[in-house]
Each structure stands twice: as C-alpha cells, then as structure tokens.
Amino acid sequence: MLLAGETLNMATPVSVLRLPKGPDPNSRGFDPKSPRFIALCRTSIPTSAASEADPEQLQQEQHARSVLRESFLRCLLSMNSKKVQFHMHEKVKLEATFGASDIDVLNFQVSDLHTPIGVQKEALIRCQDVISFTFDV
Amino acid sequence: NYISYNVLTMAMRQTPLTCSGHTRPVVDLAFSGITPYGYFLISACKDGKPMLRQGDTGDWIGTFLGHKGAVWGATLNTDATKAATAAADFTAKVWDAVSGDEVLTLAHKHIVKTVSFTQDSNCLLTGGNDKLLRIYDLSNPEAAPQEISGHTSAIKKALWCNNDKQILSAADDKTIRLWDRSSMEEVKTLKFDTSVSSMEYVTDGEILVITYGKSIAFYNALSLDLIKTVEAPATINSASLHPEKDFFVAGGEDFKLYKFDYGTKEELESYKGHFGPVHCVRFSPDGELYASGSEDGTLRLWQTAVGKTYGLWKCVLPGNSLWALLSSSCRSQYCNLKHAV
Numbered sequence: 001m002l003l004a005g006e007t008l009n010m011a012t013p014v015s016v017l018r019l020p021k022g023p024d025p026n027s028r029g030f031d032p033k034s035p036r037f038i039a040l041c042r043t044s045i046p047t048s049a050a051s052e053a054d055p056e057q058l059q060q061e062q063h064a065r066s067v068l069r070e071s072f073l074r075c076l077l078s079m080n081s082k083k084v085q086f087h088m089h090e091k092v093k094l095e096a097t098f099g100a101s102d103i104d105v106l107n108f109q110v111s112d113l114h115t116p117i118g119v120q121k122e123a124l125i126r127c128q129d130v131i132s133f134t135f136d137v
Numbered sequence: 001n002y003i004s005y006n007v008l009t010m011a012m013r014q015t016p017l018t019c020s021g022h023t024r025p026v027v028d029l030a031f032s033g034i035t036p037y038g039y040f041l042i043s044a045c046k047d048g049k050p051m052l053r054q055g056d057t058g059d060w061i062g063t064f065l066g067h068k069g070a071v072w073g074a075t076l077n078t079d080a081t082k083a084a085t086a087a088a089d090f091t092a093k094v095w096d097a098v099s100g101d102e103v104l105t106l107a108h109k110h111i112v113k114t115v116s117f118t119q120d121s122n123c124l125l126t127g128g129n130d131k132l133l134r135i136y137d138l139s140n141p142e143a144a145p146q147e148i149s150g151h152t153s154a155i156k157k158a159l160w161c162n163n164d165k166q167i168l169s170a171a172d173d174k175t176i177r178l179w180d181r182s183s184m185e186e187v188k189t190l191k192f193d194t195s196v197s198s199m200e201y202v203t204d205g206e207i208l209v210i211t212y213g214k215s216i217a218f219y220n221a222l223s224l225d226l227i228k229t230v231e232a233p234a235t236i237n238s239a240s241l242h243p244e245k246d247f248f249v250a251g252g253e254d255f256k257l258y259k260f261d262y263g264t265k266e267e268l269e270s271y272k273g274h275f276g277p278v279h280c281v282r283f284s285p286d287g288e289l290y291a292s293g294s295e296d297g298t299l300r301l302w303q304t305a306v307g308k309t310y311g312l313w314k315c316v317l318p319g320n321s322l323w324a325l326l327s328s329s330c331r332s333q334y335c336n337l338k339h340a341v
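Chains as they are written, first to last, in full-length UniProt numbering: chain U, 1 to 137; chain B, 1 to 341.
Honestly, the hints are just simulated from the structure, not real lab data. Note that this is a predicted model, so its numbers are computed, not measured. Check the hints yourself; a few may be wrong.
To be verified - The calculated lysine-lysine pairs, modelled on DSSO-like cross-linking and capped at a C-alpha distance of 27 Å, are:
1. B:Lys-191 x B:Lys-165
2. U:Lys-21 x B:Lys-46
3. U:Lys-121 x B:Lys-68
To be verified - Each pair of labels, with its calculated beta carbon distance range:
4. B:Thr-229 x U:Arg-126: 44 to 54 Å
5. U:Val-130 x B:Asp-286: 23 to 33 Å
6. U:Phe-72 x B:Asp-137: 51 to 61 Å
7. U:Lys-121 x B:Gln-119: 32 to 42 Å
8. U:Asp-102 x B:Ala-107: 50 to 60 Å
9. B:Asp-137 x U:Arg-126: 43 to 53 Å
As the list claims (entries may be wrong) - Partial pick of chain U residues on the chain B-facing surface, computed with a CB cut under 7 Å:
10. Ala-11
11. Gly-22
12. Pro-23
13. Pro-25
14. Asn-26
15. Arg-28
16. Gly-29
17. Phe-37
18. Arg-65
19. Phe-72
20. Cys-75
21. Met-79
Built from N, CA and C at the ideal position, the CB exists for glycine as well.
Using the sequences and the hints, build the whole thing.
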C-alpha cells in the first residue's frame, strides 16, 4: 500500500526491438542493393546518364568499360609476387613485391617495401596516394 | 495532453540506443532533412572516419573513407545526397552520401573545423584554424573560394542563415559574428567573456542556440538580440532546440543529457548513459528523438516522448503493480495516449 509522500521507483525501461546495427568490418557500407542506392545513384556511364541514350553508343561504351576493367583485373593478378615500382605523390618512388589488392582497390598489400627511410617487411600502400605503378610482365 | 504525458513518463524509464563503431571521441553530428527514405545522421570522429546512419534507428549505412586526420565537423545536405566533412588534415571533403564516394577535396592552409551547405547544396561554407571563412561554389570547384576575414582566432562553427543571405560564425576569439554574404562585410558582433562551445541555427523562427560555460542562450538570428538564457547544472558543450520549440536538450562535461522546457526554462529530466563528456547533441528533424555524441566514442539516441513506439523503441504497458496504483482516470488517459501513438 503506497503511503502519501512515499516515492515509487518502479519505472520500467522502455523496450527495444533490437540494437542499432553496427559497421560491417569487411566493407565501407553504402549497400548498392539498398532501395535508396538503386533509386538515386547516378550511373557512372556518361552515355546512359544522358537523357536520350543512343543504345548503340551505350553498347560500345559498356563494351569498352568491360575490356578496360578486365584488363585492369588481369594486371593485378599478374603482378602477384612480382617487383613493382610505385610512383607516389610528393615525388616519392617505392619498390615492393606486390601481394594483393583489397576489393575496393583502396589498399595494396606488399612485401619488402623499399622506402626512403628503410625497408618495410610487410606493408599496406594506400591506393589514393599512388599516381602510377610499373612492373615487368 | 500534458497529464497523460506525465503518466507515461512516470511509468517508463528512458532506454537510450547506443550506436557503436567509432574508436575515438565523437565531436560533431548532424541530421539531414526528411527524405523519401527517412532521415539520416552523420557523425564526425577523431578517428578520421565519419559515418552515415539511418536517423530513426541508428543503423550504420556506411563510412566515408579518405581523411588522413581527425574529422572535426560533418554535415549533410537537406536531402542527404551529399555530405561534407572538415578535418585536421587541412582539407574539407564533399562526398556522395548515397555511394559513399569522395567527390571533392578542398585544400586549406590549416585544420578545418566546420562545414555547411546552402539550402540548394550549391555552395559550401568552411571555417577553421586559419581564421578565414571560405565559400566554395560546388558547381565550379576549381575556382578560388571567396574568403571572409575578421576573426582573430580559430573558427569553430560557421553556418548559413536568413535564407543563405547571411553567415554566422563562432570563434575562439570569444565572438559570434554575423556577415552579409553579398557584401562579405561584418553586420554585427556578439562578444562573450568565455569561448562559445556550440551554435545551432533553427531556420523556422530564425533562432540561434548558443552554449558557453553553464549557459544555454537563445538569440534572434537576424538581429542577434537575446531572447533568453538558461543555466544548467554543469558546463555545457552543446544544446539543441526541439522543432516545435517546446523543449531543448543539452549535454556537457558531467556526461549527462538534460531536457528543459523552453517556455518555463525548467529542467524536466536528466539522463545518465555516456561514459565521457557529451560533445554534441541534436534533435532529429521530426523532433521524435535526439542524438548525442561523446568523448566515449559512442552516439546515443534518446526518445523525446519516453515510452512511445518509434524507430526501435516499442511501447509496452508498465508492470501490473504500478498500473494498479494509478487512479482509473489516469489509466484511461494513459490508454488514450497509447492509442494516439
């Protein structure tokens, strides 16, 4: 029986359906399958972005893009375990043995990285810092 | 129905939703407007990796990767298609907020602290430790930005006001200045005894919310006339006014969130939850929740009407014993409110 002046502390915590979803450790997110992405993402193909897309031109452009992409991926594959010279920003040149790229081509995994301040046994090179790279096929 | 609201809050205890993922203090956060896909929240963090979240649930959507230093400021445009960030790597960046891709890097001469889009998203205002305000035309980013000088210390916050015709800036020189965008001249200055910790601009009603020391002050954003000042129990780092201007929330150095009645200035609630000082707090565009960012590296979402079904929160009747103690009129008012929500 509650007496006058007694305080009652029986407040129930509000229920939640679940906790907010946290970041995916393997990806930077922005799910391309989400309705918002599908509706809003500007296609990166210039021809199809135009209001009147010429289907033949679109086909040609798409073909060219596929060829370039495949060639780039094959290049990355053939670089595995080879010595590669990287030309970086600030006039830095590095040599390393190429290992692999991550899925978004944000980082390259390399070994025996020769830097101006010494040799790093294992390293990650940030792709946005790379201007170009060369290697013997 | 004020009485029903009291019955509900008497019965229910606030359950904040914790958004984890950042590894260092969260120093800034911003909501977008309401879009056909809901509304969104961006958080700036000293770990250099600002994150985008769904506003009503706190669900992570993506991380903007590219900055090489602490991110001090972050903002979204109204329809959440673009994001902008200000960082210690001396750059401000503009991002596609749908794909997460970096669109522009704007080099500065010192740490950038604050970024703000105009309503049409065509211009970006930046400010930072070089004491200059810069206006970038995003349709012509190669062009040199317009520069406004005047502050004598690092700028911590800059924003557009008066339909993007004017600019408000707060700096470590203990002033807040109002500038005319077309003339680039200073229109008015507010001087304080201590550094202003935060500034929020409420478009509808042209109200400026400023925090300094333990005070939360409300000004008319056009005239910079003081409307009212409210004192909090602790040093406040950030405050936000509810869209309907009936409440405001504040957080600061004692790790707590405070909720005040804007009309009466009365402190209504205080909530513990964070494990470090609160650096930023903002109401969502629909006013149903507010988000806080803390030194503890988390964001927390708090309900405005505790116990209401919204987002991830679910309204459930309180336990039997408490229910039995309420008078029948209270109980029927509670049921009416539950049906209303």
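Broken hints, numbered, in rising order? 5, 6, 7, 8, 9, 13, 14, 18, 19, 20, 21
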